[in-house]
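Visitor: Sequence:
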Amino acid sequence: RTAPLVVDIKGIPELNALTYDASKGLTLGAAVPCYRIYQDATVSAAYPGLIDSAFLIGGIQIQGRATVGGNICNAAPSGDAIPAVIALSGICNIAGPNGTRELAAEEFCTAPGRNALENGEILVSISIPAPQAKSGASYLRFIPRNEMDIAVAGVGSSVVLDASGQNFVSARISLASVAPTPVFAKEAGDSLAGKAVSEEAIQQASELAQAAAKPISDMRGTIRQRTHLIGVLTRRTLNIAIERARGG
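FYI, in my numbering the residues of the sequence shown are 20 to 267.
In short, the hints are calculated from the structure, not lab data. Please note: incorrect hints may appear among the correct ones.
[To be verified] Below are the PhoX-like pairs computed for lysine-lysine, each with C-alpha atoms no more than 25 Å apart in a straight line:
id, residue 1, residue 2
1, K153, K43
2, K233, K205
3, K153, K214
4, K205, K153
[Said to hold, decoys possible] Ranges of calculated distance between the beta carbons of each label pair, as one might list FRET restraints:
id, residue 1, residue 2, range
5, P163, E218, 24 to 32 Å
6, D209, G267, 19 to 27 Å
7, G77, P199, 18 to 26 Å
8, D209, T38, 29 to 37 Å
9, V26, S183, 52 to 60 Å
We treat Cβ as the ideally placed atom computed from N, Cα and C, and that holds for glycine.
Required output: the full structure, derived from the provided sequences and hints.
Guide: Right, here's the structure in full:
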């Protein structure tokens with residue numbers, strides 16, 4: 020297939036912006052390579068859940084060019100960036116011939132390999148709110164190899180705890196590789212709000228996350244395996260997020 024014109028958009032300043040404000044949050048340009056994210060000490064400290072996913076997009080060499088924005092636009096059900104961004108309440112900032120618009124990250128992927136961009140539109144940046152007090156996030160995936168593989172299943176979780184660190188205020192959970200698009204498991208996250216931090220509450224959330232998953236069996240995993248993994252990864256990411264929220 021040939022194209023009459025190819026335009027390199029990586030030189031657009033807005034697409035290369037990486038700015039953080041403690042009150043407004045993070046603006047992550049769609050063309051910012053992964054290494055710039057995890058090498059930024061301030062961003063790494065504020066958004067460890069995002070760093071979890073940025074470390075997993077390709078290998079070290081690839082991360083010199085690969086971007087979170089590109090991983091999101093690729094709209095692969097197994098993509099590592101989108102569940103982390105969904106868990107962090109990310110907003111996709113879009114520009115095109117008809118102006119600009121915002122779209123919640125959980126609404127961006129519409130089908131395998133397809134996204135919500137209209138003809139002529141581009142993803143300019145992703146906005147992520149500033150982390151609240153006593154908040155934490157985590158992303159984990161299961162892969163057959165040690166690195167540079169496609170997720171059999173993945174989970175991104177974020178939590179906000181009360182001042183004591185013993186009760187959930189809110190939570191968000193997102194799933195990878197278990198449906199045609201990344202899954203925002205809203206019921207699973209909402210089930211934790213107002214509850215004491217406990218194994219029972221986390222177990223219930225993990226079961227609701229499993230119920231939200233609609234996996235298939237393929238060469239990388241079976242329905243049964245993927246459903247089991249979602250439960251395991253939900254519990255693990257929630258516990259990591261809780262530890263981070265408590266300052267661990």
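Visitor: Under the constraints set out in the numbered hints, which ones does this structure not fulfil?
Guide: The structure conflicts with no hint, since it agrees with every one listed earlier.
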